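Enquirer: Construct all of the structure, not just a fragment, from the sequences and the given hints.
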Amino acid sequence: MDLKVNDYTTDDGLTVINVEGEIDVYTAPKLREKLIDLVNKGKFHLLVDMEKVEFLDSTGLGVLVGGLKRVRAHDGSLELVCTQERILKIFRITGLTKVFGIHDSIEEAQEKRKGAK
Amino acid sequence: MATVEVSFSALPVHVRTARLIVTAVARRSGVTETLLDEVRLAVGEACSRAVEAHRRHCPDEPVRLELTADGRRFEAVVSDSVPGDDAAGTAAIDPAPAVPSLPAGEPQYSEDAFGLGLADDTAELGLAVIAGLADDVEIETTPKGVQIRMSWPIGA
Chain Z
1 MDLKVNDYTT DDGLTVINVE GEIDVYTAPK LREKLIDLVN KGKFHLLVDM
51 EKVEFLDSTG LGVLVGGLKR VRAHDGSLEL VCTQERILKI FRITGLTKVF
101 GIHDSIEEAQ EKRKGAK
Chain E
1 MATVEVSFSA LPVHVRTARL IVTAVARRSG VTETLLDEVR LAVGEACSRA
51 VEAHRRHCPD EPVRLELTAD GRRFEAVVSD SVPGDDAAGT AAIDPAPAVP
101 SLPAGEPQYS EDAFGLGLAD DTAELGLAVI AGLADDVEIE TTPKGVQIRM
151 SWPIGA
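Chains as they are written, first to last, in the UniProt record's numbering: chain Z, 1 to 117; chain E, 1 to 156.
Simulated from the structure, these hints should not be mistaken for laboratory data. Keep in mind it's a predicted model, so treat the numbers as computed, not measured. The C-beta atom is built at its ideal place from N, Cα and C for all residues, glycine as well. Keep in mind that the hints are not guaranteed to be accurate.
Sample of chain E residues facing chain Z (criterion: CB under 7 Å; computed from the structure) [said to hold, decoys possible]:
hint : residue
1    : Pro12
2    : Val13
3    : Val15
4    : Asp37
5    : Gly44
6    : Glu45
7    : Ser48
8    : Thr122
9    : Leu125
10   : Gly126
11   : Ala128
12   : Val129
13   : Gly132
Expert: Spelled out as structure tokens, the structure:
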């Protein structure tokens, strides 16, 4: 299955990226390009919705970490929405649960963002 | 003799095919459904690493995947043709970087880990994933290439 990547920006300036499909060595460049494109357009607060991601490997993790580096350079943020145990397990194995903010829903991420402001 | 042997061109798109094959053979061999995700991901990681190594050093050489089941364990071996770190000093010119030893336990990345080049080293992340998912892993680096051998119990 190919990777589908779409985005929209909420009223409070959070850019939500909906990712659907498999993120691997073949498809990860598409996500990388999207993240770079958004940062180039001045979108520095990103939320990647991974609820429809069916597969994620280390190439995908590398792209997400790369995106985090880019937005952090602009005092931005890159957080995730993910409740799938098979995907969360990969973040735990690699220790990246300590690096990314991971939320149960877009609404929860937005609420926490409001609280932090 | 492996149950199934596959050679595939070192192209990212074929890693997905390799994942499909390993999942099908593992299921047929009796690996439980709960372990299939782990088998698929770990073997996919090993194939991705091999494909990237081939693309840098020998893009025309195929990557080899061997799958074997002996009734008690299911074993997957991913072999590349990129000369590794050669203790005898006979490695070809421009050898691939040596495969680092498998990380023990969960990697401890600091908050600033992403500022230290972590994103540029997905190979290390890949090995961490393999080590975390495979029941047993052996990495052999020889002048002929790197072989990652992973296995899981059958019917456990």
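Enquirer: Please go over all the hints and tell whether each is borne out by the structure.
Expert: Hint-by-hint comparison with the structure:
Nearest Cβ of chain Z to the Cβ of E/Pro12: about 4 Å, under the 7 Å cut. The hint holds. Evaluation of the E/Val13 hint against chain Z yields a held restraint, the C-beta minimum of about 5 Å falling below 7 Å. At its closest, the beta carbon of E/Val15 sits 5 Å from a beta carbon of chain Z; the interface hint therefore holds under the 7 Å criterion. Taken as an interface hint, E/Asp37 checks out: its beta carbon lies about 5 Å from the nearest beta carbon of chain Z, inside 7 Å.
At its closest, the beta carbon of E/Gly44 sits 6 Å from a beta carbon of chain Z; the interface hint therefore holds under the 7 Å criterion. At about 6 Å, the closest approach between the beta carbon of E/Glu45 and any beta carbon in chain Z falls short of 7 Å, and the interface hint on this residue holds. Annotation: interface hint on E/Ser48 holds; nearest CB of chain Z at approximately 4 Å, less than 7 Å. For E/Thr122, the shortest C-beta to C-beta distance to chain Z is roughly 4 Å, which falls under 7 Å, so the interface hint holds.
Look at E/Leu125: its Cβ gets to within about 4 Å of chain Z, closer than 7 Å, so that hint holds up. With a least beta-carbon distance of about 4 Å to chain Z, the hint placing E/Gly126 at the interface is held under the 7 Å criterion. The interface hint given for E/Ala128 is met, as the beta carbon of that residue sits about 5 Å from the closest beta carbon of chain Z, less than 7 Å. Here the hint on E/Val129 is kept, as its CB sits about 5 Å from the closest CB of chain Z, short of 7 Å.
Nearest Cβ of chain Z to the Cβ of E/Gly132: about 3 Å, under the 7 Å cut. The hint holds.
Taken one by one, the earlier hints all hold for this structure without exception.
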